[in-house]
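Asks: Single-letter residue listing:
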Amino acid sequence: MTMDSDPKGKDYKSALARRNFLRGIGMGAVTTVATVAQPAWGGETFQDAFADFFQKDYRRMSAEEIDAALGRIERRAKRRYGVDIDCVNTPPQEGVVFGYAINISRCRGYRDCVHACVKENNLGRDSQVQYIRVLELNDGDFNLEHSDHYYDPETVPVEGKHYLPVQCMQCDDPPCVKACPVEATWMEPDGIVVVDYDWCIGCRYCMAACPYWARHFNWTTPEIPAEEINTKTHYLGNRPRPRGVVEKCHFCVQRTRKGRQPACMEACPTGARIFGNLLDPDSEIRYVLANKQVFRLKEELGTDPKFWYFSD
Amino acid sequence: MRSKILQLLICISGLLLSSVQAQEPMTPQEPLRFEGYPGAPEIKVVPRKDKLVFYPCMMCHAAMEPNPEIRQLNTPHNSEVKHGRGRIWCLSCHDLKDRNHLHTLLGEPVDFNDAYQVCGGCHANRQKDWTFGAHGKRVANWQGPRTLYNCTHCHNPHDPTIKPRAPSPAPHVRAGLKRVQGLPHEDTPSWMKRQEQAGQ
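Protein chains in written order, with our numbering: chain A, 74 to 385; chain B, 238 to 437.
Honestly, the hints are just simulated from the structure, not real lab data. This structure is a prediction, so every number in the text was calculated from the model and none was measured. We put the CB at the ideal spot given by N, CA and C, even for glycine. Hints may contain errors.
Restraint-style ranges between C-beta atoms, simulated for each label pair [to be verified]:
{"no.": "1", "chain 1": "A", "residue 1": "Y278", "chain 2": "B", "residue 2": "K430", "range": "37 to 45 Å"}
{"no.": "2", "chain 1": "B", "residue 1": "L310", "chain 2": "A", "residue 2": "M280", "range": "55 to 63 Å"}
{"no.": "3", "chain 1": "A", "residue 1": "D212", "chain 2": "B", "residue 2": "R402", "range": "13 to 21 Å"}
{"no.": "4", "chain 1": "A", "residue 1": "G233", "chain 2": "B", "residue 2": "R416", "range": "18 to 26 Å"}
{"no.": "5", "chain 1": "A", "residue 1": "F215", "chain 2": "B", "residue 2": "T384", "range": "32 to 40 Å"}
{"no.": "6", "chain 1": "B", "residue 1": "F271", "chain 2": "A", "residue 2": "Q366", "range": "20 to 28 Å"}
{"no.": "7", "chain 1": "B", "residue 1": "K415", "chain 2": "A", "residue 2": "G275", "range": "24 to 32 Å"}
{"no.": "8", "chain 1": "B", "residue 1": "E302", "chain 2": "A", "residue 2": "E300", "range": "54 to 62 Å"}
{"no.": "9", "chain 1": "A", "residue 1": "K305", "chain 2": "B", "residue 2": "K288", "range": "54 to 62 Å"}
{"no.": "10", "chain 1": "A", "residue 1": "R148", "chain 2": "B", "residue 2": "T384", "range": "35 to 43 Å"}
{"no.": "11", "chain 1": "B", "residue 1": "L328", "chain 2": "A", "residue 2": "D385", "range": "49 to 57 Å"}
Straight-line Cα separation of at most 27 Å, DSS-like style, residue types lysine-lysine; simulated pairs [claimed, not checked]:
{"no.": "12", "chain 1": "B", "residue 1": "K415", "chain 2": "A", "residue 2": "K365"}
{"no.": "13", "chain 1": "B", "residue 1": "K286", "chain 2": "B", "residue 2": "K319"}
{"no.": "14", "chain 1": "A", "residue 1": "K234", "chain 2": "B", "residue 2": "K334"}
{"no.": "15", "chain 1": "A", "residue 1": "K192", "chain 2": "B", "residue 2": "K415"}
{"no.": "16", "chain 1": "A", "residue 1": "K192", "chain 2": "A", "residue 2": "K151"}
{"no.": "17", "chain 1": "B", "residue 1": "K365", "chain 2": "B", "residue 2": "K415"}
{"no.": "18", "chain 1": "A", "residue 1": "K331", "chain 2": "A", "residue 2": "K192"}
{"no.": "19", "chain 1": "A", "residue 1": "K251", "chain 2": "A", "residue 2": "K129"}
{"no.": "20", "chain 1": "A", "residue 1": "K192", "chain 2": "A", "residue 2": "K365"}
{"no.": "21", "chain 1": "B", "residue 1": "K415", "chain 2": "B", "residue 2": "K288"}
{"no.": "22", "chain 1": "B", "residue 1": "K319", "chain 2": "A", "residue 2": "K234"}
{"no.": "23", "chain 1": "A", "residue 1": "K331", "chain 2": "A", "residue 2": "K151"}
{"no.": "24", "chain 1": "A", "residue 1": "K305", "chain 2": "A", "residue 2": "K331"}
{"no.": "25", "chain 1": "B", "residue 1": "K281", "chain 2": "A", "residue 2": "K365"}
{"no.": "26", "chain 1": "B", "residue 1": "K288", "chain 2": "A", "residue 2": "K234"}
{"no.": "27", "chain 1": "B", "residue 1": "K319", "chain 2": "B", "residue 2": "K430"}
{"no.": "28", "chain 1": "A", "residue 1": "K365", "chain 2": "B", "residue 2": "K400"}
{"no.": "29", "chain 1": "B", "residue 1": "K400", "chain 2": "A", "residue 2": "K234"}
{"no.": "30", "chain 1": "B", "residue 1": "K415", "chain 2": "B", "residue 2": "K281"}
{"no.": "31", "chain 1": "B", "residue 1": "K365", "chain 2": "B", "residue 2": "K288"}
{"no.": "32", "chain 1": "B", "residue 1": "K281", "chain 2": "A", "residue 2": "K331"}
{"no.": "33", "chain 1": "B", "residue 1": "K288", "chain 2": "B", "residue 2": "K319"}
{"no.": "34", "chain 1": "B", "residue 1": "K334", "chain 2": "B", "residue 2": "K286"}
{"no.": "35", "chain 1": "B", "residue 1": "K415", "chain 2": "B", "residue 2": "K286"}
Covered stretches of chain A, going by a simulated chain B footprint (3 or more residues, C-beta under 8 Å) [said to hold, decoys possible]:
{"no.": "36", "segment": "185-191"}
{"no.": "37", "segment": "221-231"}
{"no.": "38", "segment": "295-301"}
{"no.": "39", "segment": "326-340"}
{"no.": "40", "segment": "345-352"}
The following block holds chain B by itself, in its conformation from the complex (with noise of 0.2 Å):
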């Protein structure tokens, strides 16, 4: 009897195992690599490298011992990483001994003028738009071959929030009118009165 039992639970076992293995062939595999987003359109980035002041880098880096260390830097490197808010820090995008270069996550060098690549590894979402066309911005035309502003073009990668700036100058007032104040959108929105209501 005990046997049998025992057969019988080979058996439901042994099914189980061939159940899971048709599922994962136990065949090695090469590890997955990025390769973009499939369907993404080709397209051309404008350049970066002859904007940055101190490139190449390693002009100084190369008589220096590289430093792991996470510490407070001085001028000419900025003394404050915004980016991030304390959750990276210059290693994280910058490769430790070849400072000409940045690096991916998975520590390959990527040039300066592809930085979109290093970006993408954290903003995966945001860099599959902008491949798109969906965030950024594209160059001059709307047809035919297309070239994308970097992501550091726009951002700071130090410190990426854009900053508020001067508008450009409004709209006339029509001849003979004026402007009037104290429009529905100057007031406080109801909904904020009653929070201050509630405040008091």
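Isolated chain A (complex conformation) (with noise of 0.2 Å):
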């Protein structure tokens, strides 16, 4: 990858704009600017914008203070997207742990769970962050470095190439669960690790911890036209996020957790995606585990994903 070298570029032309804008000042020009005024607290009430700030870490929250937060964020959102979200906090259930198998000789590259998870996920359509990437890898060569995800040919699978979809692996040791400084992230009871996004100070530690390139990086606040807007929404997955948070897929925990299918899961349009409960001896992900050949990505370093690929 090369730097783009723009000598002219957003930063010069805002440098410019500002000093028209002190030389405007400069020479006695009257400047209306009421139309750019930011509204007092960020738009908010002054009791939203008060008890935001001192909202605490969820895990440290009483039930009432995690009800107040979510009708919070049910106003951000109407007051950045206008539009009625249903933000939800569903406990884990008793006895669940999640796992995720991959058939890899069923992938055939469609991309189909990418643009799906995006939906879902209230992820920023142009903020560059997806959850899931898949990989292009040529026949013979599984060396993840050769891989490609931005390919792009007329049709897939090109002969000659195989794919191979990553995303969070969902560790049951989770090194960016190590490196996080404030606690922000951890691993639920159901083995989904998720992310506290108020409680994040965006220093990305977590994303050099991780072995698997599964965190992103929100480096702008995410624009999603709003009938885009997936209204079902939970703490710790699909709620809008700020700008300057680090997110990563969290197994749909707001589908997951009531039962329903990943959406990259129920998107997938060759049943390459197996999804179920590790705890259950007679789910299909026990089966997968039993019965297929299976291996884990980079298992050597401890991580102990509960994200299997296999091929048959």
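Make the complex out of the two chains shown on their own, each in a separate frame, by following the hints.
Replies: In structure tokens, the structure reads:
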């Protein structure tokens, strides 16, 4: 990758604009700024702004405090996007630990999972954040450093290539959790590694710690057309997120804790994706683990991913 | 002497016979019937009949004489059956007399909604994986009752290979970066280069 050296980029333009503005004031010209002024408290009521500022870590909040936080999230989304969302806090189910398996002989590189994920999880359409990357590899090659996820041929699968979707592996010994200096990310009892977006300070240590490039940083405020917003949201899942925090795949916590499939699995037209409860001996995922030769990515790092691959 | 040897032989053969009989009792048994895979979960299957254009087939076929001869068919039937590449033809799955049904290898009628039972006759391994959830696609939920898509929902039974199609849009290249051409993955693999050299 090479840097795009554009000396007259955005910074240059904004510097010019600032100079013109200052010059305008110096010449005594009348400048109207009423339209660009920020309303007080960032558009929130004083009460909401105050409560946001003193909001605690998710795991330290009482049930009432979480309910109040959910209300503030809904009001914030209404202000930002003009949409009534429903933000809930479904707890993990007893006796459930989620696991995922992908049949790589079925994956054909359609990338339908990627876009279903973007829609489901209210990812910014321009923010260049996507939780799933589908890697294209040469037949006979499994070196991930030789892979390409920008492939864009007329039709897939391309002859001589194979495809490997990669997302958060939901490690059972997650290095990202160890790296977080403020404990804004942790593993839930159902095995999903989640992020408290209000507690994250955006230091990105977790991104450096993750060996799978599964965590993503929101450089820009997510821009989503109001009619495309998914209004069924979860505090730890797909609620609209601010700029400057780290986010990642959370196995669609807003769906899976209610028994539904993750969006990527539902969207996959080939049935390559298998999801279920690792603690249920009759589940599909357990059948795969018992009857197929499975492997995990970078298993030697000892992160113990709950994400398997197999081919048949 | 001879009679003693004869006695011994009879004795040995009797022993052998009795041991064989112990393994296979002579009482007649019911013929083996396939009852599904042991331990298989309960499944429901998404119906297919409402999606078949010409169903019920007997609308036309009731008035036609059944013709078992292998021949070229014309519209509205597929002129070419790619499935099996010439090893099977229409009546391998479709019932000769009752066109509203398919049939198993034993000739039992199978409803079009249960087409997977016909597929499993040959593709038993796949059918087993499908029943237990390692192949095929489950509808909507991971928990609770299992509803599966039929084999024929994804595979055209007359041409089962899935055809290539256009992928969804590629991700953005990060702002300020360009997609680099000539990555190792676009390069010819080293072993293929050797093949090319050997060919020259």
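Asks: Evaluate each hint against the coordinates.
Replies: Status of each hint after checking the structure:
1. One distance hint, 37 to 45 Å for the beta-carbon pair Y278 (chain A) and K430 (chain B), holds here, with the actual separation near 42 Å.
2. One distance hint, 55 to 63 Å for the beta-carbon pair L310 (chain B) and M280 (chain A), holds here, with the actual separation near 60 Å.
3. About 20 Å separates the C-beta atoms of D212 (chain A) and R402 (chain B), a value consistent with the hinted range of 13 to 21 Å.
4. A hinted range of 18 to 26 Å for the beta carbons of G233 (chain A) and R416 (chain B) is consistent with their spacing of about 20 Å.
5. Between F215 (chain A) and T384 (chain B) the Cβ separation comes to about 35 Å, which falls inside the hinted range of 32 to 40 Å.
6. Distance hint check for F271 (chain B) and Q366 (chain A): the Cβ-Cβ separation is about 27 Å, which falls inside the suggested range of 20 to 28 Å.
7. One distance hint, 24 to 32 Å for the beta-carbon pair K415 (chain B) and G275 (chain A), holds here, with the actual separation near 26 Å.
8. Taking the beta carbon of each, E302 (chain B) and E300 (chain A) are about 58 Å apart, inside 54 to 62 Å as hinted.
9. Between K305 (chain A) and K288 (chain B) the Cβ separation comes to about 29 Å, which falls outside the hinted range of 54 to 62 Å.
10. At about 38 Å, the CB distance of R148 (chain A) to T384 (chain B) agrees with the hint of 35 to 43 Å.
11. A hinted range of 49 to 57 Å for the beta carbons of L328 (chain B) and D385 (chain A) is inconsistent with their spacing of about 31 Å.
12. At most 27 Å may separate the alpha-carbon atoms for a hinted pair to count; K415 (chain B) and K365 (chain A) exceed this at roughly 40 Å.
13. Distance restraint check for K286 (chain B) and K319 (chain B): the Cα-Cα separation of roughly 22 Å lies within the 27 Å cut-off, and the hinted pair is therefore satisfied.
14. With a C-alpha separation of about 46 Å, the suggested pair K234 (chain A) and K334 (chain B) falls outside the 27 Å cut-off, and the hint is violated.
15. Between K192 (chain A) and K415 (chain B) the alpha-carbon distance is near 26 Å, which keeps this suggested pair within the 27 Å criterion.
16. Under the criterion of a C-alpha separation no larger than 27 Å, the hint pairing K192 (chain A) with K151 (chain A) is consistent with the structure, at around 18 Å.
17. For a cut-off of 27 Å, the pair hint linking K365 (chain B) to K415 (chain B) is broken: about 47 Å separates their Cα positions.
18. Among the hinted pairs, K331 (chain A) with K192 (chain A) is consistent with the structure: their alpha-carbon atoms are about 19 Å apart, no more than 27 Å.
19. The straight-line distance between the Cα atoms of K251 (chain A) and K129 (chain A) is roughly 20 Å, inside the 27 Å bound, and the hint therefore holds.
20. Taking the CA atoms of K192 (chain A) and K365 (chain A), the gap is near 32 Å; set against the 27 Å cutoff, the hint is violated.
21. With a C-alpha separation of about 47 Å, the suggested pair K415 (chain B) and K288 (chain B) falls outside the 27 Å cut-off, and the hint is violated.
22. Taking the CA atoms of K319 (chain B) and K234 (chain A), the gap is near 25 Å; set against the 27 Å cutoff, the hint holds.
23. The straight-line distance between the Cα atoms of K331 (chain A) and K151 (chain A) is roughly 25 Å, inside the 27 Å bound, and the hint therefore holds.
24. Taken as a hint, the K305 (chain A) and K331 (chain A) pair is honoured in the structure, with Cα atoms around 12 Å apart against an allowance of 27 Å.
25. Of the pairs offered as hints, the one joining K281 (chain B) and K365 (chain A) holds, with about 24 Å between alpha carbons and a cut-off of 27 Å not exceeded.
26. Annotation: proposed proximity of K288 (chain B) to K234 (chain A) is violated, straight-line Cα distance about 34 Å (limit 27 Å).
27. Among the hinted pairs, K319 (chain B) with K430 (chain B) is inconsistent with the structure: their alpha-carbon atoms are about 35 Å apart, more than 27 Å.
28. With a C-alpha separation of about 26 Å, the suggested pairing of K365 (chain A) with K400 (chain B) holds against the 27 Å cut-off.
29. Proximity of K400 (chain B) to K234 (chain A) is assessed by CA-CA distance (about 15 Å); at most 27 Å being required, the pair is judged to hold.
30. At most 27 Å may separate the alpha-carbon atoms for a hinted pair to count; K415 (chain B) and K281 (chain B) exceed this at roughly 49 Å.
31. As the CA atoms of K365 (chain B) and K288 (chain B) are separated by approximately 25 Å, the hinted pair is consistent with the 27 Å bound.
32. Distance restraint check for K281 (chain B) and K331 (chain A): the Cα-Cα separation of roughly 21 Å lies within the 27 Å cut-off, and the hinted pair is therefore satisfied.
33. Of the supplied pair hints, the one linking K288 (chain B) and K319 (chain B) holds, its CA atoms being roughly 21 Å apart against a limit of 27 Å.
34. Only pairs whose Cα atoms come within 27 Å are accepted, and K334 (chain B) paired with K286 (chain B) is accepted, the gap being roughly 19 Å.
35. A distance of roughly 51 Å separates the Cα atoms of K415 (chain B) and K286 (chain B); the hinted pair therefore is violated under the 27 Å criterion.
36. Restraint check on the segment 185-191 of chain A versus chain B: 3 residues with Cβ-Cβ distances below 8 Å, three needed, restraint holds.
37. Only residues whose C-beta sits within less than 8 Å of a C-beta in chain B count toward coverage, and the segment 221-231 of chain A has 10 of them, enough to reach three; the restraint holds.
38. Evaluation of the coverage hint for the segment 295-301 of chain A: breached, as 0 residues show C-beta separations to chain B shorter than 8 Å, against a requirement of three.
39. Residues of the segment 326-340 of chain A lying with their CB closer than 8 Å to a CB of chain B number 6, which satisfies the three-residue condition for coverage.
40. With 4 residues bearing a CB less than 8 Å from a CB of chain B, the segment 345-352 of chain A meets the requirement of three and the coverage assertion stands.
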